[in-house]
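Based on the sequences and whatever the hints tell you, model everything.
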Amino acid sequence: MKSSHEPAFSEHNGGRRSPLDPARVTIRLVERIQQGVKSAESEFVEQFSRSVFLMLLKRTDGDEFVAHECTQETLLISLVKIRAGEIRKPQLISAFVRQTAINTTANYYRKHNRFVALGKEQPEPSVWGTDAASDIDGAQVQRSLMELLRLLPVQRDRELLDRFYLRDQEKKEICNSLNLTSAHFDRVLFRAKKRARDVLRTNKTLEALLYQRISQKD
Amino acid sequence: MDKLLTDRYIRNKLSPAENIEFEQRLLESRELQNEVEEALILQKALRLEKTLINESKHGTYEVNRISPVWMKWALAASTVLAIVSISFYFVENAERKLLVDQVASLGQPRTGVVSASIKIMRSADSHIPEAIIQLPTQDSILLLEVELGTHSRAEKKLNFAFQSDNDSTILAWTGVVDEHGMSSVAIDSERVPSGLVWLVVSGKEKIALERRLLEFNRE
Numbered sequence: 001m002k003s004s005h006e007p008a009f010s011e012h013n014g015g016r017r018s019p020l021d022p023a024r025v026t027i028r029l030v031e032r033i034q035q036g037v038k039s040a041e042s043e044f045v046e047q048f049s050r051s052v053f054l055m056l057l058k059r060t061d062g063d064e065f066v067a068h069e070c071t072q073e074t075l076l077i078s079l080v081k082i083r084a085g086e087i088r089k090p091q092l093i094s095a096f097v098r099q100t101a102i103n104t105t106a107n108y109y110r111k112h113n114r115f116v117a118l119g120k121e122q123p124e125p126s127v128w129g130t131d132a133a134s135d136i137d138g139a140q141v142q143r144s145l146m147e148l149l150r151l152l153p154v155q156r157d158r159e160l161l162d163r164f165y166l167r168d169q170e171k172k173e174i175c176n177s178l179n180l181t182s183a184h185f186d187r188v189l190f191r192a193k194k195r196a197r198d199v200l201r202t203n204k205t206l207e208a209l210l211y212q213r214i215s216q217k218d
Numbered sequence: 001m002d003k004l005l006t007d008r009y010i011r012n013k014l015s016p017a018e019n020i021e022f023e024q025r026l027l028e029s030r031e032l033q034n035e036v037e038e039a040l041i042l043q044k045a046l047r048l049e050k051t052l053i054n055e056s057k058h059g060t061y062e063v064n065r066i067s068p069v070w071m072k073w074a075l076a077a078s079t080v081l082a083i084v085s086i087s088f089y090f091v092e093n094a095e096r097k098l099l100v101d102q103v104a105s106l107g108q109p110r111t112g113v114v115s116a117s118i119k120i121m122r123s124a125d126s127h128i129p130e131a132i133i134q135l136p137t138q139d140s141i142l143l144l145e146v147e148l149g150t151h152s153r154a155e156k157k158l159n160f161a162f163q164s165d166n167d168s169t170i171l172a173w174t175g176v177v178d179e180h181g182m183s184s185v186a187i188d189s190e191r192v193p194s195g196l197v198w199l200v201v202s203g204k205e206k207i208a209l210e211r212r213l214l215e216f217n218r219e
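Protein chains in written order, with this note's numbering: chain W, 1 to 218; chain E, 1 to 219.
Simulated from the structure, these hints should not be mistaken for lab results. A few of these clues could be false.
Calculated pairs, DSS-like style, for lysine-lysine (alpha carbon to alpha carbon, straight line, at most 27 Å) [to be verified]:
#	chain 1	residue 1	chain 2	residue 2
1	E	K156	E	K206
2	W	K194	E	K13
3	E	K50	W	K171
4	E	K3	W	K172
5	E	K3	W	K194
6	E	K13	W	K171
7	E	K50	E	K13
Here it is in structure tokens:
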């Protein structure tokens, strides 16, 4: 049985769409918000908060603070527009939320002058806990991430991950250079991600800190 | 299915169209959210280790990676001269001169620039704006980068116009298409109307090839 937190994946039955078709669920959700159903607004936030946050975390190059701020702003703008009946095609709500998130982030950077003057060095990509060293939460996040690294594989595999994620090298280039097969590359990546997932799921500190601000909003 | 799709997304290796599709799926799929989260956590951990190693070696952080995200924001920080210079970085040769002329023709000095990309979305030609652009109050330039549809890309030169709902033209200009199917223009932000505006793209026969809905808001 599915929990209430699991997504309503599309299930086709004899060519007929299931009532759990996510597109249909989302359309219904938008309609309920427009009808003034308050619980529908909470559902909307629950449905989109994590995904928008992850999208913005990637787009802000890992700036957790900006991603949180902009996620909240995005959800607020989206809800206001839905309430006002400005979303005339509810089936396109994901496209609307996505574009709102992008615009909100652009506005955030403009407002806060987080710019780089021409000719100056590029700022460092932020790392949780290193841009606010005095923050105790930051220290906890660091410890959690280092715990993940301790679980990661042997030196050659670590080299693979380093080249792939940090030095931006392509799979083929890495395999040639380290004399690896494509299958080995895939295995290393799969194992590393599984460990990341395990650490995230067993280390509640890391998970809680990651989603803290969104939870507080709720 | 591409096993490395999520990693290609994390590493900014998807094409603009793939990126849009991926992010829209990301908004709807919990499974994809888990994959992105795992990859981001892993990347963060590796980055943290690198930072700490460099810190211990040099007594300061040393990160050499240039962020594409920050490159984008560099645009927004520039004054007019900087706009022209840095735009060269992004804009193809054929468009350079046009953009320089456009900026020069704006006359008085400007203190800011708003860079906005108008990407093709699934909502094209609907009543949902493809982009919501926040404009500053004064003394700024709007640098609009428009991703064009297939029909428009076939044209060498295009006519662009901002039109209201009743088809009256508010502002018009001509532009060229670069090899990536993009066209850029620099506009005095004070000439851009607030609210919903249609961006109409037409060819030499003045027949509309595309109609895209935009929303401009002022702070």
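Hints, one by one, checked against the model:
The suggested pairing of K156(E) with K206(E) holds, with an alpha-carbon distance near 14 Å, which does not exceed 27 Å. Using a Cα cut-off of 27 Å, the hinted pair K194(W) and K13(E) holds, with the two alpha carbons roughly 22 Å apart. A C-alpha spacing of about 21 Å is found between K50(E) and K171(W), which places the hinted pair at or below 27 Å, so the restraint holds. Using a Cα cut-off of 27 Å, the hinted pair K3(E) and K172(W) holds, with the two alpha carbons roughly 14 Å apart.
The suggested pairing of K3(E) with K194(W) holds, with an alpha-carbon distance near 14 Å, which does not exceed 27 Å. For the hint linking K13(E) to K171(W), the alpha-carbon distance of about 12 Å falls within 27 Å, and the restraint holds. Between K50(E) and K13(E), the direct Cα distance comes to roughly 22 Å. Compliance with the 27 Å bound is thereby established for this hinted pair.
Violated hints for the displayed structure: none, as all numbered hints are satisfied.
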